[in-house]
Amino acid sequence: MTLNIIWFILVGVLFTAYAMLDGFDLGVGALHLFAKKDEDRRIFLNAIGPVWDGNEVWLVTGGGALFAAFPAVYATVFSGFYLPFMALLAALIFRAVAIEFRSKETWRWWRTMWDVGFAAGSVFSSLLIGITMGNILQGIELDERGEYVGGLLALLNPYALLLGCTTVALFAMHGSIYLVMKTEGALQARVRRWVNRTIGVFLAFYIMLNMATLIHAPHLADIARERPWLAAVFAVNVLIVLNIPRENHKGNEFRAFLSSCAAMATLMLLFGLTVFPDMVRSLPHPENSLTIYNAASTPKTHLIMLIIAVIGVPIVLSYTASIYYIFRGKVKITPHSY
Amino acid sequence: MGGMDVEILSRVQFAFTIAFHYIYPPLSIGLGVILVIMEAMWLKTGRVRYHNMARYWTRVFGLTFAMGVATGIVMEFEFGTNWATYSRFVGDVFGSALAAEGIFAFFLESGFLAILLFGWNKVGPKLHFFATVMVCLGAHFSAVWIVAANSWMQTPAGFSIEYNGEIMPQGFLPTADQIMHSRAVIHDFWAMVLNPSTLDRLSHVLVGAWQAGAFLVLSISAFYLLRGRHREFAMSSLKVALVVAATASLLQLATGAKSADGVMRNQPAKLAAMEGLFETQSHAPMAIFGWVDVEGRQVRGLQIPGMLSMLAGYSTDTVVTGLNAFPREDWPPVQPVFQFYHIMIGIGMALIAIAWFGVFLWWRGRLFNLSSRLVRAYYMMLVISVLGPQIANQTGWFTAEMGRQPWIVYGIMRTSQGLSAVVKANQVLASLIMFTIIYALLFAVFLYLLTRKIQKGPDEEEDGSEMPASWVAMMERRAARVE
Chain E
111 MTLNIIWFIL VGVLFTAYAM LDGFDLGVGA LHLFAKKDED RRIFLNAIGP VWDGNEVWLV
171 TGGGALFAAF PAVYATVFSG FYLPFMALLA ALIFRAVAIE FRSKETWRWW RTMWDVGFAA
231 GSVFSSLLIG ITMGNILQGI ELDERGEYVG GLLALLNPYA LLLGCTTVAL FAMHGSIYLV
291 MKTEGALQAR VRRWVNRTIG VFLAFYIMLN MATLIHAPHL ADIARERPWL AAVFAVNVLI
351 VLNIPRENHK GNEFRAFLSS CAAMATLMLL FGLTVFPDMV RSLPHPENSL TIYNAASTPK
411 THLIMLIIAV IGVPIVLSYT ASIYYIFRGK VKITPHSY
Chain X
953 MGGMDVEILS RVQFAFTIAF HYIYPPLSIG LGVILVIMEA MWLKTGRVRY HNMARYWTRV
1013 FGLTFAMGVA TGIVMEFEFG TNWATYSRFV GDVFGSALAA EGIFAFFLES GFLAILLFGW
1073 NKVGPKLHFF ATVMVCLGAH FSAVWIVAAN SWMQTPAGFS IEYNGEIMPQ GFLPTADQIM
1133 HSRAVIHDFW AMVLNPSTLD RLSHVLVGAW QAGAFLVLSI SAFYLLRGRH REFAMSSLKV
1193 ALVVAATASL LQLATGAKSA DGVMRNQPAK LAAMEGLFET QSHAPMAIFG WVDVEGRQVR
1253 GLQIPGMLSM LAGYSTDTVV TGLNAFPRED WPPVQPVFQF YHIMIGIGMA LIAIAWFGVF
1313 LWWRGRLFNL SSRLVRAYYM MLVISVLGPQ IANQTGWFTA EMGRQPWIVY GIMRTSQGLS
1373 AVVKANQVLA SLIMFTIIYA LLFAVFLYLL TRKIQKGPDE EEDGSEMPAS WVAMMERRAA
1433 RVE
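Sequence order for the protein chains is E and X.
First residue of the first sequence: 111, per the numbering used here; consecutive thereafter.
First residue of the second sequence: 953, per the numbering used here; consecutive thereafter.
Treat the hints as calculated values from the structure; they're not laboratory data.
Fair warning: there could be bad hints in the mix.
Simulated restraints on C-beta separations [said to hold, decoys possible]:
1. ASN1378(X) / ALA314(E): 35 to 45 angstroms
2. VAL420(E) / LEU1125(X): 35 to 45 angstroms
3. ILE417(E) / PHE1124(X): 23 to 33 angstroms
A virtual CB, placed ideally from N, CA and C, is assigned to each residue, including glycine.
Could you build the full structure based on these sequences and the hints that come with them?
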C-alpha cells in the first residue's frame, strides 16, 4: 500500500521535473517567432541547444515509470487519447528536428520553415499536454473494464482547452525567464519585458481556470471543501507566482527562474493532492475510476523499480547538474552552435 | 471495419515506425565506438589529425542521433496507444525494463551528448573524452534494456500468470475472454532481464550496430579517396573503420550462429520458418537461397544437405523440428521470414568478404594504391557497402519479429489479443498516413544534410590554431612523449 503511494509521488516527481525542465525549452519555442532577427533566434535555439533532449528524457522516463508502476493508467490514457497523442508525437518530432536542422542552411525559406516548425511544435506539445492534464483533472468516461469510451470530441472540451492554454502560457512564462538568464544587452532588455507580459497572460488564464473549475467541475470544488488544507497549498502557489515579477524587477533572474520552478512544483502538488487516490477519475461512473490501487503493478515490481530509482536518479541528477553548470552563463554563438 | 483491419494497420504502423527509427540507433552505437577510438588516439598521440577526425565524425553522429531521438519516443507511446491490452497484460514485467532504459541509458546519452557536441574548446580534452565514452556507453545501455524487453517477448521468463487476482499454475494459458482479467506478474527480475535469448540477441544487435557505424565511415572515407579529397584524413578514418568492420563482421558470424542455436531451442517454429523446414527430420538441409512453396511444403533453391542438422547438433543425425509439428495457426508467415533471414545471412557473408579483403590489401601494402583498378573498384564497393549493415539489420529484425508471430508474447499471448480495445481502424489509418508523410520528409532532409556534410568535409586546420591554449599545450606534451 505504501509502495502505491510512493510510486504515485515518484511518477508525479518525474512529470514535475519534465515540466520544470522541458517546460522552459517548450516555452522558448512558443516565444521563438517573437524574436524577429535571425541572430536572436539563433541565440534562443542555442540557449536550449545543449539541454533540450536531456529534458525530454524526463517525459520518456515518466512514461516508462507510468507503464511499469500503473500499467492500466498508461494503457487507458494512451489508447483513449489516441489521436491527441499522435498529434503530440508529430509536434515533438517536428520541434526536435527543427532545432537540429534550422541553422544548417542560410536560405531564408529554409530557416523560416523550421522556425515555424519549432514554434508550432512547441506550442502544440504544450497545449496537448495541458489538454491531457485537464481531462484527467476533470474526469473522463470509463467503462467497467477501465477503458475510455468518450470519443475524441469529448476530450476537446472547453475546460481541458482552457487548461491547455494555461499550460502554454505557463511554459512561455517559464521560457521567457530562462531566456533572461541566457541573453544580454538589448535582447535581454526585450526579453525581460516579455516576462511581465507572459506572467500577466498566465495569471489571466489561471484565474479563468479556477473559476471554470468551480463552475464546470463541481466535484473538484467538493474535494476542495473536504480537503481545506488545499487552500494553503494554493495560497503558497499564488505567492510564489507573484514573487516572479518581483525578482525579475530586481534583476535576480536566477531566483525568478527558481520561483517559476517552484510555481510549477506547487501546481503539480495541487494537482496530485486533488486527484489522489484516483489517477484517472471516471465520470459519470466514479466506481470505474483507475486508482493508485486498482491500476497498480504488483508490490514486487514497485519494489524493483524503487531500487532502480534509488540507484539511478541520484546519478542522473548529479551529472545533469554538472552539465547545466558547464553550460551556464550567456549564450555565445560559435561555429559549433545551431 | 472489423478487428482484423485494426490489427493489420497497427502492426504495419509499429513495423514502419520502428524500422525507420532503427536506421539511426545502430549508427549512433557504431559511430560511438569509432569516436571513442579516434579520441583515444588523439589523446594518446596528440596529433591534430585525430582531433579533426573525431570532430568530423561527431558532426555526422549529431545528425543521426537527432533523428534517433526524434523518432524514438514514438515507440514508447505506441505500446499504450495501439497495444493497450498488451500493455495492461505485460506492464508488471515489461514496463520496468523501459523505465530502466530511461534512467540508465537515455539520460546518460543525452546528457553527455551536450558536452560531446558543444563542449569542444569549452571543457578539457580529458573531460571531453570522458563524455564521448559516456555517450557511447549510454547508447549501448539503451540497447541492453530494449533488447532485454524484446527478448522477453520472444522467450518469456521470470514471471507467473495472474487471473482474476490469483496466481495460476505453470502452463496456464488465458483464453481470449480471460485475457482482460489476466496479467503477467514478475516473479524474478533477473530471470526476466536475462531470459534465455537476451544475451544472444543483445550481442547480435550490438555487433550489427558496430558494423553499421564502421561501414558508414568506410563508405564516406572511400568516397573521399576516390575523389582525391581529404586524403590523410580519409586514410586514417578508413583504417580505424576497417579494423572495427573486420572484427565486427567476423564476430557477427559467431553471435549469429549462437542466436540461431537459441532460436532452435526456444522458438522451434521460428527456426523452421527461417529455413523453410516442414518435415521434422535428421539430415535437415540448409538453404543458401530459394523460394518456399508453402502449399507444397518444400523449398526450391540451392540447399546444402544435412547442414542444418550439422549446425544444430554437430552431427547430420540431429533431428530438427519442422513446421508440420505445429498447428497451421501457430505458423509464422513462412515466406517473408525465410527470405528476410536469407537476405541477412547473404549480406553478413558479403560484409565479411568486403572487410577482410580490405585487411588483405592493407597487409599487402596496397590498400591506398589508388592507381590500381582493383583498389578503385574495391573503393566503389566500399561506398555502396554502407547499405549492407542497414539492410541486414532491418531484415534481421523482420526475421525476429515476423518469426515471433502469431504471438506478441511467445506462446502466451497472441498478437491479435494485444490490441487497444477502443482504437478504431480509421484512427490508426490516419496516424499511419501522418507518420508516412512526416518520415518521408524527414528522411529526405536527413539524406540532404548528410550529403551536405560529406560534400563540405572535415576541417583542415592541421595546426589546431582554433583550439584553446590548454588543448594545444596538451597535444604538444603528448606529441613530445610519443616521439
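Results of checking the hints against the structure:
1. ASN1378(X) / ALA314(E): 35 to 45 angstroms: holds, 38 angstroms
2. VAL420(E) / LEU1125(X): 35 to 45 angstroms: Given a distance of about 36 angstroms, which is inside 35 to 45 angstroms, the answer is holds.
3. ILE417(E) / PHE1124(X): 23 to 33 angstroms: holds, 29 angstroms
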